[in-house]
Structures are given as C-alpha cells and as structure tokens.
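Peer 1: What follows is each chain in one-letter form.
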Amino acid sequence: MKKNLTAWLCLLPAILFLGIFMVYPLFDVLVYSFEEGYNFASQSFWGTGLYNYSYVLHDPFFIQALKNTFIIVIITVPLSTGIALLISLELSQIKALRDFFQTVYFLPYVTNTLAVGLVFMILFKKTAYSDGLISILIQFFGGPSVDFIDGPYAAKMFVMCFYTIWIVMPFKILILTSALASVNEMYYKAAVVDDTPKWRIFYKITLPMISPMVFYLVITGFIGAFKAYSDEVALFGTDLNAAGMNTIVGYVYDMLYGNSGGYPSYASAAALILFAIVFTITTINLMVSRKTVYYQ
Amino acid sequence: MKNKTRNVIIYALLSIWAIIVLFPFYWMILTSIKSYSSYNSEYVPKFIALSPTVENYVTAFTAVPLAKYFFNTIVFTVVTTGMMLVVVVLSAFAFARLDFKGKDLLFSLFLSLMMIPNELVIITNFVTITNLNMRNTFSGLILPSVTSVFYIYLLKENFEQIPENLYKAAKVDGTSDFRYLFRVMIPISKPTIVTITILKVIECWNSYVWPRLITDDQNYFLVSNGIQEIRENGFGRENVPAMMAAVVVISVPLVVLFLVFRDKIMEGVARGGTKG
Chain A
-9 MKKNLTAWLC LLPAILFLGI FMVYPLFDVL VYSFEEGYNF ASQSFWGTGL
41 YNYSYVLHDP FFIQALKNTF IIVIITVPLS TGIALLISLE LSQIKALRDF
91 FQTVYFLPYV TNTLAVGLVF MILFKKTAYS DGLISILIQF FGGPSVDFID
141 GPYAAKMFVM CFYTIWIVMP FKILILTSAL ASVNEMYYKA AVVDDTPKWR
191 IFYKITLPMI SPMVFYLVIT GFIGAFKAYS DEVALFGTDL NAAGMNTIVG
241 YVYDMLYGNS GGYPSYASAA ALILFAIVFT ITTINLMVSR KTVYYQ
Chain B
73 MKNKTRNVII YALLSIWAII VLFPFYWMIL TSIKSYSSYN SEYVPKFIAL
123 SPTVENYVTA FTAVPLAKYF FNTIVFTVVT TGMMLVVVVL SAFAFARLDF
173 KGKDLLFSLF LSLMMIPNEL VIITNFVTIT NLNMRNTFSG LILPSVTSVF
223 YIYLLKENFE QIPENLYKAA KVDGTSDFRY LFRVMIPISK PTIVTITILK
273 VIECWNSYVW PRLITDDQNY FLVSNGIQEI RENGFGRENV PAMMAAVVVI
323 SVPLVVLFLV FRDKIMEGVA RGGTKG
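Line by line, the protein sequences are chains A and B.
In terms of my numbering, the first sequence is numbered consecutively and its last residue is 286.
In terms of my numbering, the second sequence is numbered consecutively and its last residue is 348.
Hints are computed from structural coordinates only; laboratory data are not their basis.
Honestly, I wouldn't trust all of these hints.
[What the hints assert, rightly or not] Footprint (simulated), chain B over chain A, 3 or more residues, beta carbon under 8 Å:
1) 17 to 28
2) 51 to 58
3) 162 to 170
4) 196 to 209
5) 253 to 260
6) 274 to 280
Heads up, the beta-carbon is just placed ideally off N, CA and C, and yes, glycines get one too.
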C-alpha cells in the first residue's frame, strides 16, 4: 500500500502536467472545432456542426497555405533525403577530415532558426542599396535581377525550400552516417571477392541494409515538412498571408492570435484537417514500407 | 589513378556542401563588423571588412533590449530544463522500479501521447493560459513545456538496465527508495540525463511558436521573438549590420555548447531527437 502511494506521488507531477496540457486539450480541440460562431470574449457559441470545417476549406488563405505546404513537402522531402544520402555515402568513403565535415554539417541543427533565417533573408533580399548577394551572382552569370523575398512566387518558394533543406539536413546526415557505419563489413568483403561492380553493391547491399533508416527519415521528414512554420516566419516575417507564403500551421496560429486572430474554432478545425492529412500520409508511407523496406 | 580522381570528386562535393553550410555564418559575422555606412555603400557586398568595427554590437545591446531577451531566455531555459528533469526522473523511476496497480496501462497511455502533435494541443493551451491570466508571465511560458513523454521513456529504459539485485541489496540494507534513486540510479544514468538536458536546452533556446503566442510584452520576449521584433521594428531604420550583430550574439551560446559537447549532442540526437 505504501509502495503504491510512493509510485503515484512520483508520477503525480507528470500526470498533472500531461493531463492539463496534453489530454484535456486533445478533447477540447475536438469540441472547439464543432462549436459554430464561438466568441472568444463572451465564450459563447450559437450552434454545433461542421460549419468551421467548411469555412476553413473555403477560405482562400487556407487554400494558399495548403498549396504552399504541399509544394514544400513534395520538393524538400525527396531532395533533402537524396542529398543527405549522397553526402553520407561520400562521408563513409573518406578518412581524412571526416570529423571536420561531420561537425560542420551538424551546425545548422544547433542554430536558432529565426536568427539564421535573417541571414538568408539578407543574402536573397533586394534593397534600395543592393540587389542582394545571390541576385548579384545571378546577374554576373548573365541572369535577370530577382528579388527572392518580395518578388515572384517561384523565387520565394525557391528560397523557402532551400532554407528548409539547409535546416533539416544535419539530422538526416547524422542518421544516415550512423546507419552506414553499422552495416556489417563482411558483406562488402564478400562482394569484393565476387568482383561485384560498385553500383550493384550499392543497390543490393548498402541500400537494403540502411533502408529502415531511410524510411524512418522519409516518415519524420513528411511529418516535419507538413508542420513547416518557423522557417517561413524567419524569411518572410510574421504576416505570412500578405507574403502569400503561409503554411497550414501558420494559418492555425494566425486564426488563434494576432491581427486576424481570436477564432479558436477555425484554428481547431484547421489543425484537425492538418492532423488528418499527416495521419493519412504516414499510413500510406507505412504501407509502402512494408513492401520495400528490408528488416533484418 | 582512377581512385585519385574519385577522391577529388568526393572531397569537392563534400566541400561544396560545407561551404553552403558555413557561408551564412561567415556572412553574419562579416556583416556584423562592417560599419553602417560602409555596408550601405557597397552595392556589391565585399567579402572582407576593410575597417572592422564593434559599434554594431554596442548598438545591438543599447538600441534594443537584447540583454533583456538574453536574460529571459536563460531564465526560461534553466527553469524549464530543471523542472523537466525533476518530473522526468521521478516518473521514470516509478515506471522502472516501483510496482503499483495499473502500471502497464498507464505506461501505454503515456506512450500513446507521444503521437499527439503539438499543433493540436497548443490551441487549448493558449486559451487555458490566457484565461488563467498567465500571458506575459514566466509561468505561462514554462509550464506547458515541462513534461516530455519521450524523455520519460528514454530514461525509463536506462533505469531498467540497472540490475534489480542492486535495488534488492539496498532494500535489505534499509535504504529508502529516494536515497537509492539519488545515490545509485541517477549517478549510473548520468550519460542519458546529460543527453536529455542538452537536447532540452537546445529546444528551449530555439523555441519560438509558444513564446510568440503567449507574450506580446517585450519584457518577456525570448531571443527568437526578440530577433523577430528587431527584424520587424528594428533599430528605427533598416540597420542590417546591427541586426547581424544581434544574430551573432544569439547564435554564439549554442554553437559553443555544440563544440564543447559535440559527441554527446550528436549521439543524443541520433538516439531520438528531431528538431524540437
């Protein structure tokens, strides 16, 4: 009996915090999303139903956010995973400077997204004084002058994806390098004895052996990219709707707080739509992986 | 010979990515030591600063409350990490060593909470904190970020690897549960606890979304919000070098932390950190 008490006392803080800030909100967000016309000031509403979902799905800002988010996901997830794989493969083949490269590649992980985003903005932005370093470089090679921050949509999307990849790379390189290091040397030795060509070794040994980790990165990459938000703010400022670069998560926060805020019902509906999308994509990923991933 | 060209290509490609990673850091330091007038007179930015100056750092600390942002972030990081350690160690201890009714069920419930994305619960938390009148307070900033199911799980696994015999021996000697926890389990699990601490510190230092929702009073801004404020309302004019000085000041602590604890951090992240 006394033992029971000690255990529950130890767990009490965790249960309290999780209860108040995780479990209760989870139910509450569902309730909010069905309360129509919820007024934050008087905390009253006039009905229940699917109106919030319908409002969100018909809101041009949400459609824009949905489009931006999907573009970011479709471009950055395969590209970053691919480049990370390439870099990790190269890293695993060298000895000199390997530690140096690994340290450098990891740096973006420990930097403040908002702070470094500002540097990217400076590099890409066109001001009264200067076209910005990147634009000047492009002009040097004969290209047009482009403003990547306030300019055309494609240019903004390019910086966005570039910065996202820059940010997510350290984690992927780290995971893949350790996965490559854990592949049993014996397989490679056997392949060399058999005089197997390099590309065949890659497709038949390396890739299957690290496929669980690649797959792990694809799943977490999808989830992370769907939740993109801070990187966008870092580049384009807090008013993402005006910049036309909002994301789903950004839409949720804008609905909640700020100049356009005060609508927790719309925010809840949008958050649940996002959750449904992420859940569906993750399920599809898991189904695909069962067919393709090689588990030892 | 063929090997040699291959090596050259490998090192060339690796160097390209290293330059892409390092260049923004180089650029922020470079710009931060250019004077305001020389920065604005360079249509094509120069790659070296001809007359380096520290005036931007002075501006960054005097024209905007950067020191205040810094202080707030340190308080936030230390208190959050400290409270998180207490909560996590106690729960991991209960799950790993103590027996009680409903333990397995409760643990599965905890694990299932790991799947809940933050974006889903943040809406209600925002309303809760607002209704409790905890906007623009440290408690409002800290309380929702104190628990982490994942770290409880990580530490519990670690605690369970400590042989049960040690516990029984301690019991026979009449050692209390808590004494055993502090004298045996925590020292043995120190590596994991250090890893958890570092990961949490990184997460706290970089947190942006929650502080932005819950504070609009500059006196409670953390560095992320501070830098955003600097970007939007700035120094009264578009003062890029001073902005970059602020960025350098904000980035330095974590880069130093990383260079000191490099192996610990990389190992910790590989074991289960995603960018928080």
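Peer 1: Now look at each hint and say whether the structure bears it out.
Peer 2: Verification of the hints:
{"no.": "1", "hint": "17 to 28", "in the structure": "holds (count 3)"}
{"no.": "2", "hint": "51 to 58", "in the structure": "violated (count 0)"}
{"no.": "3", "hint": "162 to 170", "in the structure": "holds (count 3)"}
{"no.": "4", "hint": "196 to 209", "in the structure": "violated (count 0)"}
{"no.": "5", "hint": "253 to 260", "in the structure": "holds (count 3)"}
{"no.": "6", "hint": "274 to 280", "in the structure": "violated (count 0)"}
Hint compliance for this structure: hints 2, 4, 6 are not met, and every other hint is.
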